[in-house]
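Enquirer: Spelled out, the chains give:
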Amino acid sequence: MSDKTYDKQNPAFYALLVALVVMAVGPIAMMLMTSFKLNVDIMSDTSSLIFMPTLRNYETALCDFLWYEAAHVDYCDKTFGRALVNSLIISLVSTVLTLVIGCMAAYALVRFRFMGRDTVSLSTLAMRMVPPAVLLVPVFGIWTFQFQIDGTRAGIILVYVAMNLPFVIWILQSFIVQVPIQLEEAARMDGAGPFQVFFLVVLPLIKPGLAAAAIFTFRVAWNEFLLANALADRNSRTVPVTIVNSMTEFDIDWGVIMATGMLLAIPPIIFTFVASRQIITGMTAGAVKG
Amino acid sequence: MPKITFDQVAKSYGSVEVLPPFDLALDDGEFTVLVGPSGCGKSTTLRMLAGLETLSGGEIFFDEKPISKLEPKDRDLAMVFQDYALYPHMTIAKNMSFALRLARAPKSEIEEKVRRVAEMLNIAPLLDRKPAELSGGQRQRVAMGRALVRDAGTFLFDEPLSNLDAKLRGKMRAELAEMRDTIDKNMVYVTHDQVEAMTLGDRIVVMSDGLIQQQGTPEELFKSPVNKFVAGFIGSPSMNFIDGELVDDDGKTWVHGDGFKLPLDLDISARMNDVQTRAVTVGLRPSSLTTDISRGAPIELKVVVSEYLGAQSVLVTRCGGADVLVETQSTSPVRAGSVQTFGVLTNEIMIFDKASGLRL
Chain A
1 MSDKTYDKQN PAFYALLVAL VVMAVGPIAM MLMTSFKLNV DIMSDTSSLI
51 FMPTLRNYET ALCDFLWYEA AHVDYCDKTF GRALVNSLII SLVSTVLTLV
101 IGCMAAYALV RFRFMGRDTV SLSTLAMRMV PPAVLLVPVF GIWTFQFQID
151 GTRAGIILVY VAMNLPFVIW ILQSFIVQVP IQLEEAARMD GAGPFQVFFL
201 VVLPLIKPGL AAAAIFTFRV AWNEFLLANA LADRNSRTVP VTIVNSMTEF
251 DIDWGVIMAT GMLLAIPPII FTFVASRQII TGMTAGAVKG
Chain B
1 MPKITFDQVA KSYGSVEVLP PFDLALDDGE FTVLVGPSGC GKSTTLRMLA
51 GLETLSGGEI FFDEKPISKL EPKDRDLAMV FQDYALYPHM TIAKNMSFAL
101 RLARAPKSEI EEKVRRVAEM LNIAPLLDRK PAELSGGQRQ RVAMGRALVR
151 DAGTFLFDEP LSNLDAKLRG KMRAELAEMR DTIDKNMVYV THDQVEAMTL
201 GDRIVVMSDG LIQQQGTPEE LFKSPVNKFV AGFIGSPSMN FIDGELVDDD
251 GKTWVHGDGF KLPLDLDISA RMNDVQTRAV TVGLRPSSLT TDISRGAPIE
301 LKVVVSEYLG AQSVLVTRCG GADVLVETQS TSPVRAGSVQ TFGVLTNEIM
351 IFDKASGLRL
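One line per chain: the protein sequences are A and B, in this order.
The first sequence begins at 1 in UniProt numbering and counts up one residue at a time.
The second sequence begins at 1 in UniProt numbering and counts up one residue at a time.
Hints in this document: simulated from the structure, not taken from any laboratory.
Be aware that a few hints might be false.
In silico DSSO-like pairs for lysine-lysine, Cα to Cα no more than 27 Å straight-line [unchecked claim]: (1) B:Lys94 x B:Lys65; (2) B:Lys3 x B:Lys185; (3) B:Lys73 x B:Lys171; (4) B:Lys94 x A:Lys207; (5) A:Lys207 x B:Lys130; (6) B:Lys113 x B:Lys185.
So the derived label-pair ranges between C-beta atoms look like this [claimed, not checked]: (7) B:Ala25 x A:Ala108: 38 to 46 Å; (8) A:Ile89 x B:Lys94: 34 to 42 Å; (9) A:Thr144 x B:Gly57: 54 to 62 Å.
Please read these numbers as outputs of a predicted model, since none were measured by experiment.
A virtual CB, placed ideally from N, CA and C, is assigned to each residue, including glycine.
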């Protein structure tokens, strides 16, 4: 089928395509370019596409991770490096916790008959209906005065897990329902205990669901600003909070902010790419007669 | 290989009683077939034995040991499921060795057992494949192999052949029959197909509406069914039933109905003298009717359809308002639409009470 041809389209169609691409990619390209510019170039009235690219902004942002001492950095501000580490830890830990708790909860809701099952199932969704802004004040109050975990990573992780669990439970429920019950019965006959049935038979079959849930959870945790801004202190700030806070009334270092923005974009891309490879359809093919 | 005893076992879902209390004893080393129409409770019985369903009453004993509180894995059972239930994310070898790996058997032993069973079932070349890459018949073998690798005392089969096409089913049935003779284990087999039951079972338990109707060897069930249900369920083509009335005439007992009057043999008529009722149902196997009228009492039937099956033909005929099937040799063809006289082998006539369905 190498001689596949397409009909000639109306030129307006291409114009529309170009406009859409520019709208989608333009800001990112602009950010990428700006991150390679000196502040002089950024601020100059003659800013253009032609400039001398430099890694200085990245060196400034990552100064405490560099194995050499960047010549232009006389004082290393560790804020961004610390924020990146915070973001990674908070996102990864909250993702793992959410998945572990979520898959067990979803399994119990699907397979076990217990009092209040339907109520629990529904109320998890109700949690999701509350916008984070509504949660903000009560969470801040409770975290600060009752639990005294404000300003810690654990505090932020806790609220992210709570926020993401309902969605993860719901998405995994739909995957677990599709696992034929006969497989679990066969495993029980083969001598597997409840946990072995879950980990050796059910979990491998809902891998696509886990991957989808992981991508979602990681991205929410990575991008979240509102709650992190309220709960974090200097040492536990995540990247989005740091970027906003680096805009002061005295100085906006656009170059560094853009470099930080680029660095912020990379981990979710890698994570999504890795996780999405697990999303294959037809995991349960061949299990039972269709 | 324990002796399995059901003692007043019952099952109900909420207020719906699906199995009233029943007793059943399965002998050591026996191939028992539970057979009955859909919804008769045979699968539930098997699943209670397997431990996949709880008992609502009574107790199951393995030898003298009560087992209803034991987990399935502690009952020394292996089970083959109707839908195969293979683990789709594991290779065939991993599927078959799953139980052994859970039991932490030594690796060399696992490999040895899997290889031996795979060779026995002709699935050795498939060991590295995944279930999705196998055909239905191959999956069925793997499911069987997974149970055989276990070396359990009792094997349970839940309609294992019902998902296969007719030809493959016949082949697998023959292989199962061969396996039955080579493996000295308890086997409990559930099916709705009476042919499977007749060919495989040492003993058949016929169930209907949650009740055990009759149990016995295939021959006992065929020759002396206790009621109309068992008589109609066992045997293919199934038994013909025609309503009639007992009459005494000419010093003999006759059964008389719409379009026929048949004399009863002495031993049957002797039994009929003891019963009060006169309204009966006559049971005639299609094989009890013959085109050779010299061999039996004459009956006139109108042939409606002649179904040619090869060496044999099944004639659908009408006697009064009732359909009567007749099995004949195809060598003596009968034209559809004609009225013909057949001979009834009177010693094979069965008489049932019309009201209760019990055999008289």
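Enquirer: Checking one constraint from the list: CA of lysine 94 of chain B to CA of lysine 207 of chain A, max 27 Å. Satisfied?
Expert: Measuring from Cα to Cα gives roughly 19 Å; hence the hint holds.
Enquirer: Mind checking the hinted window 54 to 62 Å against the Cβ distance between threonine 144 of chain A and glycine 57 of chain B?
Expert: 58 Å, holds
Enquirer: Is the hinted pair lysine 113 of chain B and lysine 185 of chain B satisfied, with a Cα-Cα distance of at most 27 Å?
Expert: 17 Å, holds
Enquirer: Need the status of pair lysine 3 of chain B, lysine 185 of chain B: alpha-carbon distance at most 27 Å?
Expert: 11 Å, holds
Enquirer: CB of isoleucine 89 of chain A to CB of lysine 94 of chain B, is that within 34 to 42 Å?
Expert: 36 Å, holds
Enquirer: Would the pair lysine 94 of chain B and lysine 65 of chain B pass a check requiring their Cα atoms to be no farther apart than 27 Å?
Expert: 33 Å, violated
Enquirer: Would you check the hint for lysine 207 of chain A and lysine 130 of chain B, treating anything up to 27 Å between C-alpha atoms as holding?
Expert: Roughly 17 Å separates the two Cα atoms, so the pair holds.
Enquirer: Given the proposed pairing of lysine 73 of chain B with lysine 171 of chain B, does the C-alpha separation stay at or below 27 Å?
Expert: 31 Å, violated
Enquirer: Please check whether alanine 25 of chain B and alanine 108 of chain A have a Cβ separation lying inside 38 to 46 Å.
Expert: 39 Å, holds
Of the numbered hints given earlier, the model fails hints 1, 3; all others are met.
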